[in-house]
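Q: Those sequence lines, one after another, are chains X and C.
Quick note on numbering: our numbering labels position 55 of the first sequence as 57, and the sequence is numbered without any gaps.
Quick note on numbering: our numbering labels position 106 of the second sequence as 122, and the sequence is numbered without any gaps.
Quick caveat, the hints were computed from the structure, so don't treat them as lab data.
Treat each hint with caution, since some may be false.
[Stated by the list, open to error] Ranges between beta-carbon positions, derived for each pair:
#, chain 1, residue 1, chain 2, residue 2, range
1, X, K15, C, Y109, 29 to 37 Å
2, C, D43, X, F62, 40 to 48 Å
3, C, R76, X, W112, 24 to 32 Å
4, C, N82, X, Q20, 42 to 50 Å
5, C, I34, X, I14, 37 to 45 Å
6, X, T7, C, S28, 16 to 24 Å
7, X, G42, C, Y87, 30 to 38 Å
8, C, L62, X, G18, 19 to 27 Å
9, C, Q96, X, E53, 23 to 31 Å
10, X, P63, C, Y109, 34 to 42 Å
11, X, L85, C, D43, 28 to 36 Å
12, C, S56, X, E56, 27 to 35 Å
[Stated by the list, open to error] Listing some non-contacts, in silico: residues in chain X with all C-beta distances to chain C over 12 Å:
#, residue
13, K15
14, R24
15, Q46
Glycine residues also receive a C-beta, built at the ideal position from the N, C-alpha and C atoms.
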Amino acid sequence: DAGVTQSPTHLIKTRGQQVTLRCSPKSGHDTVSWYQQALGQGPQFIFQYYEEEERQRGNFPDRFSGHQFPNYSSELNVNALLLGDSALYLCASSGTGAYGNTIYFGEGSWLTVV
Amino acid sequence: QKEVEQNSGPLSVPEGAIASLNCTYSDRGSQSFFWYRQYSGKSPELIMSIYSNGDKEDGRFTAQLNKASQYVSLLIRDSQPSDSATYLCAAIYNQGGKLIFGQGTELSVKP
Numbered sequence: 003d004a005g006v007t008q009s010p011t012h013l014i015k016t017r018g019q020q021v022t023l024r025c026s027p028k029s030g031h032d033t034v035s036w037y038q039q040a041l042g043q044g045p046q047f048i049f050q051y052y053e054e055e056e057r058q059r060g061n062f063p064d065r066f067s068g069h070q071f072p073n074y075s076s077e078l079n080v081n082a083l084l085l086g087d088s089a090l091y092l093c094a095s096s097g098t099g100a101y102g103n104t105i106y107f108g109e110g111s112w113l114t115v116v
Numbered sequence: 017q018k019e020v021e022q023n024s025g026p027l028s029v030p031e032g033a034i035a036s037l038n039c040t041y042s043d044r045g046s047q048s049f050f051w052y053r054q055y056s057g058k059s060p061e062l063i064m065s066i067y068s069n070g071d072k073e074d075g076r077f078t079a080q081l082n083k084a085s086q087y088v089s090l091l092i093r094d095s096q097p098s099d100s101a102t103y104l105c106a107a108i109y110n111q112g113g114k115l116i117f118g119q120g121t122e123l124s125v126k127p
């Protein structure tokens, strides 16, 4: 049973560029959330997708956008990259019903903006 | 503003001792609480979840929840050097909602 998978694991981008990160949730999970974790901080919630809709959003600018596909996988897009966007981006999956509030994280995507 | 606060680290304990990690939360409506372990350069790994007042034990780990005091703790018995990591406390307000994390406490277990 595959857990949460994310790609790419590491990437370097230049200021002003755009980046797309991808996530496949754990089998049986239908909800995907994205978090940003800066060095030395706890993860910060970006947004959550359920049934291909953005259900909740944290305090992140519109440069951060996402999408969920019919197979529950998800993408996080960040436009006009800033140096401050350098962080570990975590995808978390969870489910309804029996899965309740159990939330699992993928290995993350390390983004460095130079 | 829903917040989760953790003890500032680093916390250093000798091998075999009990490590005690603490966390407070501001929103009385928070329903579920989680402890994640994060090794340097890795993603958070769920080690305990707790939803009801009292203690919950899993191997060497015990989570404690006191909703009246808005306090969550994690005890690690017989601490091992492999337990050295950052421990993140998180709260969730409603089922299916977002996790709100504390800043994490770095634990160092000395041989």
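Q: May I ask you to test the hint 28 to 36 Å on the CB atoms belonging to X/L85 and C/D43?
A: holds (32 Å)
Q: Lying within 34 to 42 Å: is that true of the beta-carbon distance X/P63 to C/Y109?
A: violated (23 Å)
Q: When you take the CB atoms of C/L62 and X/G18, is the distance between them in 19 to 27 Å?
A: With a Cβ separation near 36 Å, C/L62 and X/G18 fall outside 19 to 27 Å, so the hint is violated.
Q: Honestly, do C/R76 and X/W112 meet the 24 to 32 Å range at C-beta?
A: holds (31 Å)
Q: Could you see if the CB distance from C/D43 to X/F62 stays within 40 to 48 Å?
A: Given range 40 to 48 Å: violated, Cβ gap about 20 Å.
Q: If I claimed the Cβ atoms of X/G42 and C/Y87 lie 30 to 38 Å apart, would that claim hold in this structure?
A: violated (24 Å)
Q: Take a quick look at X/Q46 and tell me if its Cβ sits farther than 12 Å from every Cβ on chain C, holds or violated.
A: violated (7 Å)
Q: Are X/T7 and C/S28 spaced within 16 to 24 Å by their CB atoms?
A: 35 Å Cβ-Cβ, so the 16 to 24 Å window is violated.
Q: Do C/N82 and X/Q20 keep their Cβ atoms within the hinted range of 42 to 50 Å?
A: holds (46 Å)
Q: Say whether it holds or is violated: X/R24 keeps its Cβ farther than 12 Å from all Cβ of chain C.
A: It holds; X/R24 is separated from chain C by about 15 Å at its closest Cβ, greater than 12 Å.
Q: Is 37 to 45 Å respected by the C-beta to C-beta distance linking C/I34 and X/I14?
A: holds (42 Å)
Q: Looking only at beta-carbon atoms, does the pair X/K15, C/Y109 fall within the given range of 29 to 37 Å?
A: Cβ of X/K15 to Cβ of C/Y109: about 33 Å, so the range 29 to 37 Å holds.
Hints 2, 6, 7, 8, 9, 10, 15 from the list above are not met by this structure, while the remaining hints are.
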